[in-house]
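When you get a sec, could you build the whole thing from the sequences and use the hints?
The C-terminal residue of the sequence shown carries number 125 in UniProt numbering, and the numbering is unbroken.
The hints are simulated quantities; they were obtained by calculation from the structure and are not laboratory data. Quantities reported herein were computed from a predicted structural model and do not represent experimental measurements. Each residue gets a CB set at the ideal place from its N, CA and C atoms; glycine is no exception. Since no wrong hints were added, every one of them can be taken at face value.
The list that follows gives simulated cross-link-like pairs (lysine-lysine, DSSO-like), each with its CA atoms no further than 30 Å apart:
no.	residue 1	residue 2
1	K80	K18
2	K76	K18
3	K15	K80
4	K76	K16
5	K16	K82
6	K43	K83
7	K15	K30
8	K80	K43
9	K82	K43
10	K30	K16
11	K16	K80
12	K30	K83
13	K30	K43
14	K83	K15
15	K30	K18
16	K82	K18
17	K15	K82
18	K16	K43
19	K18	K43
20	K30	K80
21	K76	K30
22	K15	K76
23	K76	K43
24	K43	K15
25	K30	K82
26	K18	K83
27	K83	K16
Per label pair, the in silico range of CB-to-CB distance:
no.	residue 1	residue 2	range
28	S71	R37	17 to 23 Å
29	R37	E69	21 to 27 Å
30	V94	S53	47 to 53 Å
31	A62	T85	20 to 26 Å
32	N72	R50	16 to 22 Å
33	A58	N8	18 to 24 Å
34	K99	M47	45 to 51 Å
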Amino acid sequence: MSQAFESNRRFYDDKKFKRGFSRSGAFTIKEAELLERSGHAFKALDMGEREPSNEAEASFVACFRGLSEASNAEEKVWAKYKKLTGRKSFHGLVSNPAKKASTSAVTSDELDDIDESETVNDDDD
1 MSQAFESNRR FYDDKKFKRG FSRSGAFTIK EAELLERSGH AFKALDMGER
51 EPSNEAEASF VACFRGLSEA SNAEEKVWAK YKKLTGRKSF HGLVSNPAKK
101 ASTSAVTSDE LDDIDESETV NDDDD
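Here it is, written out as structure tokens:
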């Protein structure tokens, strides 16, 4: 029987965690060790690059496909990693420019839309 979440390399994320997972303050020591030891397997399973080889890995895949909740340490630490490395929402202050007050002058386009039967003739007096 194969070991769950087996990986030959240590997992690092120098882009988001330059000083390592354990020094980032975001993960406990056990979480950092688990992530470093099995992170490549987590990533491959999550992205569909690797098929689950046992029940624990199948549960992991189901969790990140939205079929179940994170229930074990592996699922929880990967969910935490994805949350911390995901796209951060940006809340900016945006104002709309004030609308110009409409003038009473009629443009030539509006004159073309006026039907002649609707106009009042002052010459009929």
